[in-house]
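From first to last, the protein sequence lines are chains A and B. With the working numbering applied, the first sequence corresponds to residues 1 to 493, in that order. With the working numbering applied, the second sequence corresponds to residues 1 to 218, in that order.
Careful, some of the hints might be misleading.
Unchecked claim - Result set (SDA-like, lysine to any residue): computed pairs, CA atoms no more than 25 Å apart in a straight line:
| no. | chain 1 | residue 1 | chain 2 | residue 2 |
| --- | --- | --- | --- | --- |
| 1 | B | K217 | A | R439 |
| 2 | A | K306 | A | V438 |
| 3 | A | K157 | B | I41 |
Source of the hints: derived by calculation from the structure; they are not laboratory data.
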Amino acid sequence: MVILALLGPWIVLALVAPFRRPVGLVTSAQGALPLVSVGAALTLTWTVLKTGPVSGGWPDWFRIDPLSAFMACCVSIVGAGTMVSEALTRSARTRASATAVPATDDERAARRVATYGSLFVLAMLAAVTVGNVALMWTAIEATTIMSAILIPLRRTKASVEASWKYILIGSVGIALAFAGTVLAYVGFAGRMGRQEHALDWTLLMSVAPGLQPDLLHLAFVFLVVGYGTKAGWAPMHTWLPDAHSESPAPLSAMMSGVLLAVAQYAILRWKAVVDLASGGAFTDQVLVVFAMLSIGIGALSLVLQKNYKRLLAYSSVEHSGLVCLGLTFGPAGVFASLLHILNHALAKSASFLLAGRILRRYGSPDIERVRGLLRAMPGTGPLFAAGLLALMGFPPFGIFISEFLLFRAGFSSGHVRLTLVALLLVGIGFVALAGHLVRMLYGAVPEDVPPGETERRGLAVMVVCLLGLVALGLVLPDAVSGLISRAAEANVL
Amino acid sequence: MDHVFSHVAVLGSSGVLLCGIILLWRRSLPSYITAFRWQSITLAGLTAGVAYFGEDRNLYWVAAMILALKGLVMPRLLERMVRRFMADSEVRPYVNTASSLVISGVLVLLAYAAARPIQALATSPTRGGVPLALGLIFVSLFVIVSRRKAITQVIGFLMLENGIALLAVLGTYGVPLIVELGVFLDALMGFLVMQIFVYDIHDTFSTIDVDVLNRLKH
Numbered sequence: 001m002v003i004l005a006l007l008g009p010w011i012v013l014a015l016v017a018p019f020r021r022p023v024g025l026v027t028s029a030q031g032a033l034p035l036v037s038v039g040a041a042l043t044l045t046w047t048v049l050k051t052g053p054v055s056g057g058w059p060d061w062f063r064i065d066p067l068s069a070f071m072a073c074c075v076s077i078v079g080a081g082t083m084v085s086e087a088l089t090r091s092a093r094t095r096a097s098a099t100a101v102p103a104t105d106d107e108r109a110a111r112r113v114a115t116y117g118s119l120f121v122l123a124m125l126a127a128v129t130v131g132n133v134a135l136m137w138t139a140i141e142a143t144t145i146m147s148a149i150l151i152p153l154r155r156t157k158a159s160v161e162a163s164w165k166y167i168l169i170g171s172v173g174i175a176l177a178f179a180g181t182v183l184a185y186v187g188f189a190g191r192m193g194r195q196e197h198a199l200d201w202t203l204l205m206s207v208a209p210g211l212q213p214d215l216l217h218l219a220f221v222f223l224v225v226g227y228g229t230k231a232g233w234a235p236m237h238t239w240l241p242d243a244h245s246e247s248p249a250p251l252s253a254m255m256s257g258v259l260l261a262v263a264q265y266a267i268l269r270w271k272a273v274v275d276l277a278s279g280g281a282f283t284d285q286v287l288v289v290f291a292m293l294s295i296g297i298g299a300l301s302l303v304l305q306k307n308y309k310r311l312l313a314y315s316s317v318e319h320s321g322l323v324c325l326g327l328t329f330g331p332a333g334v335f336a337s338l339l340h341i342l343n344h345a346l347a348k349s350a351s352f353l354l355a356g357r358i359l360r361r362y363g364s365p366d367i368e369r370v371r372g373l374l375r376a377m378p379g380t381g382p383l384f385a386a387g388l389l390a391l392m393g394f395p396p397f398g399i400f401i402s403e404f405l406l407f408r409a410g411f412s413s414g415h416v417r418l419t420l421v422a423l424l425l426v427g428i429g430f431v432a433l434a435g436h437l438v439r440m441l442y443g444a445v446p447e448d449v450p451p452g453e454t455e456r457r458g459l460a461v462m463v464v465c466l467l468g469l470v471a472l473g474l475v476l477p478d479a480v481s482g483l484i485s486r487a488a489e490a491n492v493l
Numbered sequence: 001m002d003h004v005f006s007h008v009a010v011l012g013s014s015g016v017l018l019c020g021i022i023l024l025w026r027r028s029l030p031s032y033i034t035a036f037r038w039q040s041i042t043l044a045g046l047t048a049g050v051a052y053f054g055e056d057r058n059l060y061w062v063a064a065m066i067l068a069l070k071g072l073v074m075p076r077l078l079e080r081m082v083r084r085f086m087a088d089s090e091v092r093p094y095v096n097t098a099s100s101l102v103i104s105g106v107l108v109l110l111a112y113a114a115a116r117p118i119q120a121l122a123t124s125p126t127r128g129g130v131p132l133a134l135g136l137i138f139v140s141l142f143v144i145v146s147r148r149k150a151i152t153q154v155i156g157f158l159m160l161e162n163g164i165a166l167l168a169v170l171g172t173y174g175v176p177l178i179v180e181l182g183v184f185l186d187a188l189m190g191f192l193v194m195q196i197f198v199y200d201i202h203d204t205f206s207t208i209d210v211d212v213l214n215r216l217k218h
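Take these sequences, add in the hints, and give me the full structure.
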């Protein structure tokens, strides 16, 4: 039942969103339905913590343990935040326009974002809640398709290029992940015979200690390259800056905020299986390489960046690398990584939504063009500053805590040199982001940019996200840390 | 019986891989599509063969879906695309034919090395073909990076999917049917979206050479 309430609203929204009128009803649905899904995710989490994993669907396709519940919360919150902010902006626009139904390009674009965006969230939620690795793969593949459709929303040379690179690299990557899944299944079938439920996490975990390590290592390499492509890990990250910067803001917010996290979730699950078969050494070695490359390339690319949406995208590569690094630091590291996923989801999706507003006002994605942001947009400016400060890892925002925990886990698990290098790289990223931010905030507003904030209601969501981030930074609520530590425990040796 | 079965498996997978390698020395888009079509048909035949010898009814359905989707529908759609871009149908790869063939040979050897853990583990009569499936996966990746047309990249991707399907059939007589259905649905949707994007590229840049996709850097 609760699972239906989690997924159902997105199906309904995808069916309703294409309609042009009554515009009021459609926008209210867009604002209200996602909140139902958030409520369901929270209820599910509560049930899971109280009574243990929940199964459901027909015949038990879904299985929700603490890790799934945690991811479902992240995805539904970011999805709902994006949709509500879209709905608020739309209703503000409708009010401002003279006719009842604004038949503008903006409206048409908004309808497509609502339709495919909800299918996109649906696929992500399905990916983190199904109990079968292969069905999870199908859902993640569907996320690629649903998000790719939205990139060339306004067809320009740049967006066509970005969409092509995204769908090609994304599909090839995810195909390799399927090859890895098949290889793992070969290992399973070689030992246990072929079974319909062989690819369920629970069964896989229970027989994993007896599986042949060499074969699982081969499978894991395919899986990491495959899902790592979706997680934006270097050197497979090349699609990410293009896709995230050319997408419409709501899509960038969801892709950077939670799509990367869904791929990381898949790898965390598989790592647990492979570790049971062969001890943790092999998977850690593989992941460390991708982690350090991602942090390095992400942080260094921030320095010479000229485009603020690409700036945010490269920051995602860096943070995705940090999450990957945390996975190799034992139980404390996995805890920090999961907390980091939540913090990053809030900070990055708010920042991308704000970047979308800045782009609309200044008409250019160049950092060079954006001057005097604080004066030109008195609401968006300070919030954008707060978002970037959060991404840099400033207290009192939550990312400060999760990065602190992550590095502490690194030192205490004996990876001193590695952690120092990562710290240095994060420091470089910090300085680069700070420099770009200061240049955007101050200076003379270009003459063709009208000062003053419009469509103020759209900001509400970003305010809530950032307040949530501050709350996570000041006091980590017991409920959150309890959920994350339960989720981490089950997936570490 | 097992003896015949293993011959059929190796013969069939060699055929599938060979279609992928034939593609490397062809020069025009229509012949690429022909190679892909025959590869899919061979794969469907092999799947039916495994269904017969392995006594697995579900695999007949999979074979039928491969034949319908990848042997008939997708090549048709690809041909329609190529007809639209008639003037632009010579492939001009980045890597010339001779080097392409040498590289694909090396890739197949690499696949034999990588597949050792499976060879050691599996007892099924189909295990002889597994390295060939991995080889096809590597060769398809090479096709994607070494050919410059958007359509050749799509064909490379479809061959990659064929390689994975081959791996699943040989390794475990296919994955559970429900998964197979999901995979086909995704493959079809992904292909349709790619097709839209190829038209987008053609309309925006008036060519389907992916060389022109070079504005987004750093």
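Going through the hints against the structure:
1. K217(B) to R439(A): Holds, at about 22 Å.
2. K306(A) to V438(A): Distance ~14 Å between K306(A) and V438(A) Cα, so the pair holds.
3. K157(A) to I41(B): Roughly 37 Å between the alpha carbons, so the hint for K157(A) and I41(B) is violated.
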